[in-house]
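Asks: Using the supplied hints, reconstruct the complex from the two chains, each of which is provided in its own coordinate frame.
Top line first, the protein sequences correspond to chains A and B. For the first sequence, the working numbering begins at 1 and goes up steadily by one. For the second sequence, the working numbering begins at 1 and goes up steadily by one.
No lab work stands behind these hints, which were simulated from the structure alone. Be aware that one or more of the hints could be misleading.
[Stated by the list, open to error] Okay, the calculated bits of chain A under chain B, using three or more residues with CB under 8 Å as the criterion:
| id | stretch |
| --- | --- |
| 1 | 41-53 |
| 2 | 69-83 |
| 3 | 281-287 |
| 4 | 294-308 |
| 5 | 335-344 |
[Claimed, not checked] Here chain A is said to cover these stretches of chain B; the calculated rule only asks that three of the stretch's residues, wherever they fall, bring their Cβ under 8 Å from a Cβ of chain A:
| id | stretch |
| --- | --- |
| 6 | 118-130 |
| 7 | 144-155 |
Computed from a prediction, not measured in an experiment: that's the story for all the values here. C-beta: ideal position from N, C-alpha, C; glycine also.
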Amino acid sequence: MTPDSIKEAEGGLYSNLRCRKFEAGAVAWRNFAETTRSDGGRLLALWGTDDCDRDGRLRIVACYLNAESLAVVEHAMDSCSKPLYPSLVEFFPSALRMERAVADLLGIQSMQPDHRGWLRHNGWPEGVFPLRRSFNASTQYQLDSEPYSFIQVEGDGVHEIPVGPVHAGTIEPGHFRFSVVGEKVLRLEERLGYAHKGIEKRFEELRQKEGHKLAARISGDSAVAYSWAYCAALESITQTTCPPRAAQLRALALEHERIANHLGDLGALGNDAGFAFGLTQFSRLKEDLLRIHQPIFGTRYLMDFIQPGGVAVNLPQDAPQLLLDHYAALEISVSELRGIYENHAGVQDRFRGAGVLSNEIAVRLGAMGLAGRASGIAHDLRVDCPWHPYNDVTLKIATQTTGDVAARVNVRFDEIVQSIMICRELLTNIADGAIVSDVPDAAPGILGVGVIEGWRGPVLIALETGPSGMIRRCHAHDPSWQNWPLIEYAILGNIVPDFPLINKSFNLSYSGQDG
Amino acid sequence: MIKTLGRMIRTGILTEKIERVARPDSEADEIHAKLRGILGRALCIRQVDAGSCNGCELEIQALNNPYYNLEGLGIKFVASPRHADMLLVTGPVSVNMEEALKRTFDAMPDPKFVVAVGDCGACGGIFGESYASRGAVAHVIPVDSTVPGCPPTPTAILQAILQAVSPGQV
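Excised from the complex, chain B in its bound form (with noise of 0.2 Å):
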C-alpha cells in the first residue's frame, strides 16, 4: 500500500490544457449551439466500432489516460447508447455492422451528436467501398462531424468532442 501511494504522489497530476481550436468545418453550428444550451458541459458518449482496424479505438482510448483525462473535463463513455448524448463511431462501415450500428443509432435519444472518427470513418479509408464495406459513416446514419487522420491523435479526438460541446468556440 506504501509504495502504491508512493508511486502515487510521486506521478502527481499529468493533466494538460487542451488548446480548443476552431474549425471551419461547420454548416450545423445553429444546431449545435441549440445542444450545447441542452447539454452544458457534461457529456455521454457511446462508442461503436463498425469495422475499424482497432487503431482509432486505441486513440479513443487513450483520451482516457491521465495526460488527457476525459472524465476530468465532464465527459464520460457509457455502456449503453440509452444514456448517451454522443457517438462515436469508428472505421468503413462494415455490412455486418450496418444493422448493429442503425439500431445503435436509432436507440439513443434525442437530441444526439455524431461523430465519424479516422478517415476510414470520415471517407471509406483505404479500404473504401465494396462488398463488405459501406465505407463512410454518413452512408449508414447522419454525421454531425468527422476526424480525420489514421488514426487521428487524441488531441484531434478531444478537440472535436469539445467543438461539440463548448459555445462560442467556433
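Next comes chain A alone, as it looks inside the complex (with noise of 0.2 Å):
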C-alpha cells in the first residue's frame, strides 16, 4: 500500500451502528482526519494493535463519528524498532493522551513531542511493551517512580498546588498540578493513569461470553453502557438479534443509570457549593431508586444485567406498576428540588460564571456527552445514530449554551426527566417474550464496535475475535478521554476552592480513561 492510497475493507467490521472501515497508507490516514474535521466529524476513539504474529504488522485505529454513521480508519506498520505514524493532534487535540497510552502500551509513536509516559508511571520498564502478543501479562515489576515533568509557570507570586492521586473525599485517584497566583488559576495539568490495571491485556484471557463481565467494571459508574457495548460489539459479529423485550429492558437499565448517576451528581454538587441540604435530598432520592432496583432487577447496581442475547433478569410481574408510581414520585420531588436550587441565591451565585466551557473550545476540542451539551454541542447518539430500541423512544436533545457549572446542572435536570419519559414509554411498549437469545462463538480475527450512549457520553468497545471462543483484542473507550482535558481550560481564570465543583460538574471517570 502507498502512503496517500486508501480503500474501504470489504466485510471485516461489524456495529450496532452503520459503520464503514477503511485502510489508509500514512498521508492517507492523516487526510482523513484533516477531511473528517473539515466536514464535523469527531475523533471518537484511537487505539493500536500488536498482528505481529499474524501479518508483521502493527497497526493504529481511528474510530470517528461523523453524522449518522462511524469510520474505522486503519493504518499499518511494519514491526521495527521504532514505528511511527502521523499524529492526529493537529486536527483532533484529544488524540494527544490517546497517542501517549498507545506509545506506553504498544511502542508505536506518533509523531508528535511530547513523549510523557501517560499510562505507565514506571511500573514496568521502558521498552517493554504491556499489549503486544509477545508479552507475558503475569509479569510483574517492581515500580521504579521518578517525577513526572510538569510544565512550569514562571512570574512573580506564581506557586504551584500539587493535588492527589489521593484526594481528600471518596473519590478516584488522579492528580492535579495548579499553577497560581493568590487564589486565582493560571495553569492546571492533569496527570491521571493511577487507576489503570491492565484491562485490555486481561480481557485477552477471557472467552468471548465473558467479556462483559470485566466490560462492566471499567467504570462502574457505566455498568450498563459498558456492558451493553461490549454485547453489541459481540451480536453485532455473531449477527444475532437480541429479542425485542430485553432490548427494551436493556434501555431501561441505561436510563435508570442515568438518572442515578444524574441525582447522584446534583446532589455533590449542591454540597460542593455549600447547600448540605441538596446532597442529603438527592442522595435520598439516589438511594430510593438504588432500592426499587433490589426486587426488580436482583441487585442495586446492575453490574451484570446485561450479557450476551439478551439480559440476565426478567422483569418481575408488578414491576412496571412499581416502577411507575416510583416514575410519578421522583418527578416531583425533582422538580420542587430544581426549584429550591433555581430560586437559592447562594446556591446560583456559585452555580453560575463557574468553570465556564465556551462553544468554540468545546468545539474545538472535541467535548462530548454532557459536557458537550452544556456547551451547546448538540449531540446525543440516542437522537444522533439510534440502535434498536432508540429508534422507536421519543427524545430531545437537552443542551445549555452557557457552558458553566448551572448549564451542566440544568442539563442534568433536563436529562432525569426525559429518562423519566423514556422508561415510561418504554414500560407502556414492553414487549412479551423471551429476554434472551443464543449466542455462538465467533470466528476468529472479525472486529466488532459497540457504541452506546452513556450518561457521560458514547462508550465504545471495539471487540476482535480469537479462535476457540476466545478474545483476540478488546479496546474501551471512555468519553473522560476527550472530557479531561476540557477542565484544564474550564478552571482557568477561577479560584482554587471552586476547582471541587467544577470538577464535579463535569464528573469524569478515572477508572474509565485510565484502564
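Replies: Written out as C-alpha cells, the structure reads:
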C-alpha cells in the first residue's frame, strides 16, 4: 500500500451503528482526519493493535463519529524498533493522550513531541510493551517511580499546588497540578493513569462470552453502558438479534443508570456549593432508586444485568406498576428540588459563571456527551444514530449554551425528566417473550464495534475475536478521554476553591480513562 | 426558604437502624478488643481508591445518605490519613497506586485498622494480578478485615465498620 492510498475494507467490521472501515497509508491516514474534521466529524477513539503473529505488522486504528455513522480507519506499520505514524493532534487535540497511551502500551509512536508516559508511571520498564503479543500478562515489575515533568509556570508570585493522587474525598485517584497567583488558577495540568490496571490485556485471557463482566467494571458508574457496548459488539459480530423485550430492558437499565448518576451528581454539586440540604435530598432520591432495583433487577448496581444475547433477569409481574409509581414520585421531588436550587441565591451564585467552557473551545477540543451538550454541542447518539430500541423512543437533545456549572446542572435536570419519559414509554410498550437469545462463538479475526450513549457520553468497545471462542483484542474507550482536557480550560481564571465544584460538574471517570 | 424548610419537614428523619451481625472471620479479636477500648465509638475513616472501578466508592458514598447516616453513629470520613483511625481501601491495588497507598498507610497514626472493601480489594476480583495490578490490598499493606461484594452493599460495609468498633458484637 502506498502512503497516499486508501481503500474501503470489504466486510471485516460490524457494529450496532452504521459503519464503514478503511485501510489507509500514512498520508491518507492524516488526510482522512483532516477531511473528517472539516466535515464536522469527531474523533471517537484511537487504539493500537499488535498483529505481528499474523502478518508482521502493528496497526493504529481511529474511530470517527460522523453525522449518522462511524468510520473506522486503520493504518498498518511494519514491526521495527521505532514504528511511527502521523499524529492526529493537529485536527483533534484530544488525540494527544490517546497517542501517548498507545505509545506506552504498544510502543507505536505518533509524530508529536510529547513523549512523557501517560499510563506508564515506570511500573514497567521502558521498552516493555504490555499489549504486544509476546508480552506475558502476569509478568510483574518493581515500581521505579521518577518525577513527572509538569510544565512550569514562572513569574512573580506564581506558585504550584499539587493535589493527589489520593484526594480528600471518597473519589478516584488522579493528580492535579495547579499553578496559581493568589487564589486564581493560571494553569492546571492533569496527570492520570493511576487506576490503570491492565484491563485490555486482561480481556485477552477471557472468552468472548465472559468479556461483558469485565466490560461492566471498566467504570462502575457506567456498568450498563459498557456491558451493553460489549454485547452490541459481540452480537453484531455473531449477527445475533437480541429479543425485543431484552432490548427494551437494556434501555430501561441504561436510563436508570443515567438517572441514578445524575441524582448523585446534583446532590454532590449542591454540597460543593455549600448547600448540604441538596446532598441529603438527592442522595435520598438516588438511594430510593437503587433500592427499587433490588426486587426488580436483583441488585442495586446493574453490573451483570446485560449479558450476550439479552439480559440476565426478567422483570417481575408487578414491576411496571411499581416503577411507574416510583417515577411519578421522583418527578415531583426533582421538580420541587430544581425550584429550590434555582431560587437559592447562594447556590446560583456559585453555579453561574463558574468553570465556563465556551462553545468554541468545546468544539475545538471535541467535547463529548453531557459536557458537550452543556456548551451547546447538540449531539446524543440516542438521537443522532439511534440503535434498537432507541429508534422507537421520542427524545429531544438537552442542551445549554452557557457552558458553566449551572449549564451542566441544568442538562442533568432536563435529562432526568427525559429519561423518566423514556422509561415510561418503554414500560408501556414492553414486548412479551424471551429475554435472551443464543450467541454462538464467533470465528477468529472479526472486528466488532459497540457504541452506546452512556450518562457521560458515548462509550465504545472494539472487540476482535480470537480462535476457540476467545478474545484476541478488546479496546474500551470512555468519553472522559476527550473531556478531561476540558477541565484544564474550564478552570482558567477561576479560584482554587471552586475546583471541586467545577470538577464535580463534569464528574469524569478516572478508571474509565486509565483502563 | 419556606419551600426548603417544608421539604425538610416532609422528608423527616430517614435514618434506619442497622443490624449488627457477628461475622465468623475474626482472627484478630484480641487486638480488635484493645483497639475498641482506645477508640470508643468515635471513628475517623480515610478512604483510598487504589485502582477500583468506582463502584465501591459509590456505595461508600451512600453511607453518608440519610438512610445510613454514618455521621450519626459518630463515624466520619476525614480528608487526611493523619486524622484517621481506619483506612478503607478499594480496588485491586494498581501498580501506579502502590506507592501512594503505602504512604497513606504509613502516614496514619497507630493504632489503625485497614478494611479492604469489595471483591477486588479482598482478592483482586475480576482484574486479578498482572503487570499493572498487585491484586488484593493485603499484598501491599496489612489488612484487618475484608468486605466481599461487587460492589458490596452499604449495609455490608457499615456492618464491617461497626464490627471493628463495637465491643461484644463478634
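Asks: Hint numbers the structure violates, sorted upward?
Replies: Numbers 1, 2 - these are the hints that the structure violates, sorted from lowest upward.
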